[in-house]
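Trainee: Residue numbers (my numbering), protein chains in the order written: chain S, 339 to 761; chain A, 339 to 761.
By construction, these hints were calculated from the structure, which means they are not laboratory data. Do not rely on the hints blindly, as some may be mistaken.
As the list claims (entries may be wrong) - Distance condition first, Cα-Cα at most 25 Å in a straight line; then the derived SDA-like pairs of lysine to any residue: (1) S/K438 <-> S/A428; (2) S/K438 <-> A/D371; (3) S/K438 <-> A/Q733; (4) A/K438 <-> A/P567; (5) A/K438 <-> S/K438.
To be verified - Restraint ranges, calculated between C-beta atoms of paired labels, are given here: (6) S/R395 <-> A/G729: 50 to 58 Å; (7) A/G659 <-> S/N750: 54 to 62 Å; (8) A/T347 <-> S/R513: 55 to 63 Å; (9) S/G411 <-> A/E532: 46 to 54 Å; (10) S/P408 <-> A/D466: 24 to 32 Å; (11) S/G659 <-> A/S620: 38 to 46 Å; (12) A/A445 <-> S/P531: 33 to 41 Å; (13) S/Q748 <-> A/A534: 55 to 63 Å; (14) A/G411 <-> S/T402: 55 to 63 Å.
Remember, predicted model here, so these are calculated numbers, not experimental data. By construction, the Cβ of each residue, glycine as well, lies at the ideal position given by its N, Cα and C atoms.
2 protein chains.
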Amino acid sequence: MSGVDLVVTDLAEAATLARGPVPRTGPAMAEVDRIPRAALAVADGRVAWVGPERRLRRAVRLRTGGTTVPGRGGIVVPGFVDAHTHAIFAGDRAFELPLKAAGRSYAEIARRGGGILATVRATRAASDDALVRATAERLTRMAAAGTTSVEVKSGYALDPTGELRLLRLLPRIARRTGVRVVPTFLGAHAVPPEFAGRADAYVEQIVRRMLPEVARRRLARFCDVFCEPGYFTVPQAERILRAALSLGLEAKVHAEEFVVSGGARLAARLGARSADHLLRASAGDRRQLAAAGVSAVLLPVTAFAVTRERRSPAREMVDAGVPVALGTDCSPNTWVESMPIVLAHAVHGGRLSPAEALTAATVNAAHASGLEEAGTLAPGRPADFTLFPLGSVDQLGYRFDAIPTVVYRQGNAISSRRLRQYV
Amino acid sequence: MSGVDLVVTDLAEAATLARGPVPRTGPAMAEVDRIPRAALAVADGRVAWVGPERRLRRAVRLRTGGTTVPGRGGIVVPGFVDAHTHAIFAGDRAFELPLKAAGRSYAEIARRGGGILATVRATRAASDDALVRATAERLTRMAAAGTTSVEVKSGYALDPTGELRLLRLLPRIARRTGVRVVPTFLGAHAVPPEFAGRADAYVEQIVRRMLPEVARRRLARFCDVFCEPGYFTVPQAERILRAALSLGLEAKVHAEEFVVSGGARLAARLGARSADHLLRASAGDRRQLAAAGVSAVLLPVTAFAVTRERRSPAREMVDAGVPVALGTDCSPNTWVESMPIVLAHAVHGGRLSPAEALTAATVNAAHASGLEEAGTLAPGRPADFTLFPLGSVDQLGYRFDAIPTVVYRQGNAISSRRLRQYV
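This is chain S alone, in the form it adopts within the complex (with noise of 0.2 Å):
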């Protein structure tokens, strides 16, 4: 019988997501592995046991000094990995709302000083410590909702000292706020004002410094590309992840958002390891991601916030097979921290069951941002995890705001102490 350091006690439920290890196609979209009356027990960080509470006593002994968090009938579900953002930036776009109400377009909106542009220039100007700052508050407010992990894209800079720059700040941003951050490195997220018109150029840049740069200093484990009009084609999105994948990062690929683009079936070919918003992607595009195991990650609140259409396509995708996970885009666009508001517009705009939006916004999410030990609660796992008020799983994705009592990553309470000094 093993000493442990922390048991959580009294929850009404306990999911722990851990059937099995994670495929490489990413775990099956069906029932999350739900414990009744349970407890759980850490160990050095780690998930020591965790099943029903009767059986609590004659598995696991708390050592001298150790902590015993009442659950109050409530339910612990693993911490929630968010699998795209753009959190690192500085000032806001809530100047664009006039424009969106009066139904202008993405792409007309970046035409009048709007959009990607805006936030690059605003970032390039900050500083380190007003960048760190602003982020660590982002990822602050994340970790009180239930966020254990978050993918981080760059993408506001576009020059390579500028986004050498956001990636450098990660490390410190993570370190501050007690989040895991998994770096993506995102200069191809628009053509800088310097290389307008000649976007070939900028591509070059790209493959010849700054990805050399990235995957020496490894900075980041995925490239990403914005492919859509206006932004990267298809073959210059091909070029630019090749050559990442050459130097060892993984590939990922904003795809099939606005319009068709090609980019879901560039990512099936590359073997990326997710294609991400796909509103637009056909049943061809599902049927080549699920056969190439590329994750899908659906962005609901991006959908319902930039599109006429409300939904974004996570039933048809777990219908043809493709492994589903979730993300905020939390970025000036979309300006959205919360998981559990993402599980809401999951549940009520993509149609996912309360089990299935959190399996993509745990263990599936976890896979598609490379972190196969994260989103699972088994022993030996990293003892993220996230206590809810509530009395079921299946009240996630329900209720629209449902709030955590408390929020721990690697066996240390991580959100509501730091939460104090921002909000």
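Position chain A against the provided structure of chain S, taking the given hints into account.
Mentor: Quick look at chain A alone, frame taken from chain S:
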């Protein structure tokens, strides 16, 4: 120079919504009144002064033992008024989600054992204490999200004793939570099983037994009717509402939610305080509401969750000159408690500006709820206000998950302390 009990300093902005008295038809939907670098002073539970911080010292004197609340560069807005909820109920309806995901209509789900009557069974079976506790928890979370006043409808008992019980419990819930509650009698929420196929007989029971008792005991300020096929027809709604008006209650109508029901025109004809939902309202309906001075209470999260369209017709109503108010519609069908989420849906789905959404969630919602004193920050008004850690009022509605620092009603903090009990 008057003595005050509490001052809030260091505010980036105060939104007062105080441009003159509220006319009978509700204020125009325009810019909120905004004071940059503001301070606020409270005496005896009422706003004593609000203005530029540099004038604070000449305007008021803090009494001995008074409190200074640091605004930390955030904003202050009037406490939100949630103008439409069904917040007193037992149980939940998460079990309906698979039917909703499969595209079943509200009426089909009701035929399969879901819908309003499922909640009626749970609510009839619940004890007074259980109902008070569950509803108080909801109102406490609403308060933590910035709501200081909330309209609550009966309607989950559908018999004389039960409907009166729900209304009788509301003052207890208000005292326990510190939230101001406006009670609405909604006996005509659905036809109860005892009257299946005999809706007219149930209407007579409402008119002859329930309404006189509600009026005599002053249990409700408003009478509402769910005017929709399968629920109550326009003639039935008119019979109920005319009886209510003759007894001194004011009228509200659930109108044009799923189909064109004629409820909006009925509301205009009767001079109702509000017509609510209005997803299918026509240009003619809008003109009649505007001419009659009837408020449109819009519920954009429900619009997102229950219909194939994603939009609440907020822009169209404002442009037609109808005073627009917002509500959560909190119920087992759309379980949302947070007005900031409603504001985000009104902005991103309903195409309001943040200032318009704030107007709709404060002074206009107060007017739609018969609370002419609430919803503005002006000397003499109740000191109901919320601090947000945001740099500008324009961030509300732009950001999906704005969380208050602290919420005051009548000069007392009502959020943080009580929330601890429940989350």
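Trainee: Each hint needs a verdict: does it hold in this structure or not?
Mentor: Status of each hint after checking the structure:
Between S/K438 and S/A428 the CA atoms are separated by roughly 21 Å; this keeps the pair inside 25 Å, and the hint holds. Distance hint between S/K438 and A/D371 is fulfilled; the C-alpha atoms sit about 23 Å from each other, no more than 25 Å. Note on S/K438 and A/Q733: the hinted pairing holds, with a Cα-Cα distance of about 15 Å set against a maximum of 25 Å. With a CA separation close to 19 Å, the supplied pair A/K438 and A/P567 stays within the 25 Å bound.
Between the alpha carbons of A/K438 and S/K438 the distance comes to roughly 29 Å, so the proposed pair goes past 25 Å and is violated. Range check, S/R395 to A/G729: Cβ separation about 51 Å, and the 50 to 58 Å hint holds. Our hint of 54 to 62 Å for A/G659 and S/N750 holds, since their Cβ atoms are close to 55 Å apart. The hinted range of 55 to 63 Å is not satisfied by A/T347 and S/R513, whose Cβ atoms lie roughly 33 Å apart.
Look at S/G411 against A/E532: about 35 Å separates their beta carbons, and that is not inside 46 to 54 Å. The hint said 24 to 32 Å for the Cβ distance between S/P408 and A/D466, and at roughly 27 Å that hint holds. Separation of S/G659 from A/S620 is about 44 Å and conforms to the stated range, judged on CB atoms against 38 to 46 Å. About 55 Å separates the C-beta atoms of A/A445 and S/P531, a value inconsistent with the hinted range of 33 to 41 Å.
Judged by the Cβ atoms, the range 55 to 63 Å given for S/Q748 and A/A534 holds: they are separated by roughly 57 Å. Range check, A/G411 to S/T402: Cβ separation about 45 Å, and the 55 to 63 Å hint is violated.
When each numbered hint is compared with the structure, violations occur for hints 5, 8, 9, 12 and 14.
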